[in-house]
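Protein chains: 2
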Amino acid sequence: MSQHAVSNQAWLLASRPEGEPVKENFRLVEQPVPEIKEGEMLLRTVWLSLDPYMRGRMDDGKSYAPPAELDQPMVGGTVCQVESSKHSDFKAGDWVLAQSGWQTYAVSDGEGVAKLGELAHPSWALGILGMPGFTAYMGLMDIGQPKKGETLVVAAATGPVGATVGQLGKLNGCRVVGVAGGEEKCRYAIEKLGFSACINHHSDDFADQLAAACPDGIDIYYENVGGKVFDAVFPLLNTAARVPVCGLVSGYSSRDLPSGPDRTPLIMAGILKRRIRMQGFIIFQDYGDRYPEFLKAMTPLVEQEKVHYREHVIEGLENAPQAFFDMLNGKNFGKTVVKVS
Amino acid sequence: MSQHAVSNQAWLLASRPEGEPVKENFRLVEQPVPEIKEGEMLLRTVWLSLDPYMRGRMDDGKSYAPPAELDQPMVGGTVCQVESSKHSDFKAGDWVLAQSGWQTYAVSDGEGVAKLGELAHPSWALGILGMPGFTAYMGLMDIGQPKKGETLVVAAATGPVGATVGQLGKLNGCRVVGVAGGEEKCRYAIEKLGFSACINHHSDDFADQLAAACPDGIDIYYENVGGKVFDAVFPLLNTAARVPVCGLVSGYSSRDLPSGPDRTPLIMAGILKRRIRMQGFIIFQDYGDRYPEFLKAMTPLVEQEKVHYREHVIEGLENAPQAFFDMLNGKNFGKTVVKVS
Chain A
101 MSQHAVSNQA WLLASRPEGE PVKENFRLVE QPVPEIKEGE MLLRTVWLSL
151 DPYMRGRMDD GKSYAPPAEL DQPMVGGTVC QVESSKHSDF KAGDWVLAQS
201 GWQTYAVSDG EGVAKLGELA HPSWALGILG MPGFTAYMGL MDIGQPKKGE
251 TLVVAAATGP VGATVGQLGK LNGCRVVGVA GGEEKCRYAI EKLGFSACIN
301 HHSDDFADQL AAACPDGIDI YYENVGGKVF DAVFPLLNTA ARVPVCGLVS
351 GYSSRDLPSG PDRTPLIMAG ILKRRIRMQG FIIFQDYGDR YPEFLKAMTP
401 LVEQEKVHYR EHVIEGLENA PQAFFDMLNG KNFGKTVVKV S
Chain B
101 MSQHAVSNQA WLLASRPEGE PVKENFRLVE QPVPEIKEGE MLLRTVWLSL
151 DPYMRGRMDD GKSYAPPAEL DQPMVGGTVC QVESSKHSDF KAGDWVLAQS
201 GWQTYAVSDG EGVAKLGELA HPSWALGILG MPGFTAYMGL MDIGQPKKGE
251 TLVVAAATGP VGATVGQLGK LNGCRVVGVA GGEEKCRYAI EKLGFSACIN
301 HHSDDFADQL AAACPDGIDI YYENVGGKVF DAVFPLLNTA ARVPVCGLVS
351 GYSSRDLPSG PDRTPLIMAG ILKRRIRMQG FIIFQDYGDR YPEFLKAMTP
401 LVEQEKVHYR EHVIEGLENA PQAFFDMLNG KNFGKTVVKV S
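For the protein sequence lines, the chains are A and B, in the order given. So that you can map any letter, position 151 of the first sequence is 251 in the numbering used here, and since no number is skipped, the others follow by simple counting. So that you can map any letter, position 96 of the second sequence is 196 in the numbering used here, and since no number is skipped, the others follow by simple counting.
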């Protein structure tokens with residue numbers, strides 16, 4: 101049987117968004133899969149991860165990673181099974197973690213592909229035991245440095261990063277206050293994840309509610325949304341507070357700066373007077389060598405259900421763009437993964 | 101001879117400034133010095149230190165230190181000689197470092213007073229071997245973490261903190277670019293302090309000149325002025341840059357925020373994408389226990405003239421307010437100290 105029989109469905113990046121991404125930025129194509137050569141293998145995508153950072157990759161600007169290329173399959177982390185292999189390190193049937201993007205098949209020479217062992221939940225390698233979990237762990241533990249009795253605030257509290265940050269903070273003795281979009285998510289954060297409080301950022305009096313939920317101020321703010329949550333948090337930051345800056349999803353699609361006044365001097369004065377540490381990080385660039393440490397610490401926590409993990413599963417690659425838009429707008433509930441095959 | 105014969109001159113804080121401080125905020129008084137009791141001593145001020153942080157202490161707002169009190173001698177670090185003593189730890193003639201403020205005499209119970217050993221230059225305990233030098237050292241070494249070949253930018257380059265930061269950076273293998281107000285200061289920074297370049301911030305094309313002087317971007321920005329220097333520096337910060345935030349002298353007297361747009365999202369996005377670490381610190385709160393380490397490292401550098409130190413000496417306590425205004429406006433050249441007696 102020739103591999104030419106295999107047809108690949110792929111979402112190409114058709115154009116770069118102006119502000120919010122739209123359907124027209126993607127184009128679904130069907131193309132034959134090239135035959136694999138010596139040293140290559142054919143990957144069949146089982147799970148595709150959808151993550152906020154992808155919005156930045158759609159732009160052409162200078163960032164920490166090169167932009168996604170036009171007319172190429174949109175970039176993304178995947179869990180695949182090896183369909184056929186002429187690569188000495190991989191054999192048909194192997195489960196692997198890859199960066200093969202928004203498509204059903206991909207030919208790979210093995211670069212950047214990691215074998216997954218026997219996993220009860222292969223898709224978790226895209227979430228709690230993968231990039232989002234690792235991001236939560238290192239940002240909180242290395243920059244946030246949680247101490248017993250401190251108040252930790254985390255937004256997107258039911259997302260894969262936020263939920264993990266909050267639960268790890270709790271395991272480290274912090275009082276955890278979440279911020280989430282909607283009452284159902286807030287209930288989940290309190291009842292299932294064990295947060296002390298969770299504030300709905302859609303509330304009119306959100307800032308007042310947050311202040312009331314943090315009577316002793318905020319010692320750690322794990323920043324992954326920016327915008328109005330940051331604005332409400334900043335005045336509450338305590339002396340010697342730490343702010344790991346992991347993401348700013350609320351601003352990823354903004355093209356214009358908000359109107360004045362320019363609060364830059366206020367932010368700088370706060371950093372100085374309250375001796376705040378604010379630090380951006382990009383997980384694999386800053387902490388790549390500590391991934392084994394993370395896996396060793398996190399795996400038992402998840403297996404023993406000391407840390408809960410929730411997935412938001414979308415069926416079918418054809419639904420990836422809409423699922424991506426929904427995630428950027430907070431309509432997901434848990435880690436968004438697409439079941440491709 | 102009774103101590104009642106001693107008359108004390110003191111500058112009291114008469115009112116709090118609205119914006120720039122003015123003469124009317126201070127009031128010179130002459131009052132008798134109370135007789136010392138058992139456990140007390142009389143200090144005669146020899147040197148008074150004038151520092152940017154004092155501007156903040158004149159305000160009533162919440163900050164890292166309580167505000168200076170109205171109708172009390174203005175606060176400030178001093179080098180004094182013990183005039184007479186009923187304190188078991190101090191005897192007449194001892195040189196001490198104190199916080200006795202803008203006055204010629206002060207009665208002290210010894211709290212917060214440190215004996216100075218035999219110093220060739222007692223006033224240096226207010227500068228290179230005191231708070232400013234310590235501030236320069238810890239901010240650069242602990243937060244800045246200089247590495248060979250990196251570019252370090254420091255403003256107020258001929259001030260006591262900036263000059264020390266730059267010279268320490270150079271000793272640690274950095275390429276040092278200073279920012280100062282005026283050609284004479286810039287020449288001094290290059291010729292005497294050994295900086296690779298020094299840009300006059302009064303130049304119309306200051307930002308362009310700074311960019312040209314930093315062809316490989318900026319790895320460490322030691323922030324002690326804020327304002328337009330920060331604005332010119334921020335776009336040049338490299339990936340993984342460090343920004344110790346030590347002071348913001350340009351904004352200390354500002355009452356209003358600049359007009360818009362609000363650049364906060366831009367700053368946050370820069371911190372994220374370029375993985376910048378920005379951290380405020382207040383020297384004695386954050387690093388008080390490391391003062392001996394600093395002294396041990398810095399003393400030989402100064403004695404061997406590997407680090408140069410320049411003082412701006414003002415004669416007479418009566419001139420303290422004007423000297424203070426001049427320092428805030430960058431008219432000093434070196435560490436401002438007032439020779440009181």
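Just so you know, not all the hints are guaranteed correct.
Under the rule of at most 30 Å between Cα atoms (straight-line distance), these lysine-lysine pairs were calculated in the DSS-like manner [what the hints assert, rightly or not]:
1. B:Lys270 - B:Lys123
2. B:Lys373 - A:Lys270
3. A:Lys373 - B:Lys431
Calculated from the structure, these hints are not laboratory results.
Now for the hints, and whether the structure bears them out:
1. For the hint linking B:Lys270 to B:Lys123, the alpha-carbon distance of about 40 Å lies beyond 30 Å, and the restraint is violated.
2. Taking the CA atoms of B:Lys373 and A:Lys270, the gap is about 28 Å. The hint holds against a cut of 30 Å.
3. With a C-alpha separation of about 25 Å, the suggested pairing of A:Lys373 with B:Lys431 holds against the 30 Å cut-off.
Checked against the numbered hints above, the structure violates only hint 1.
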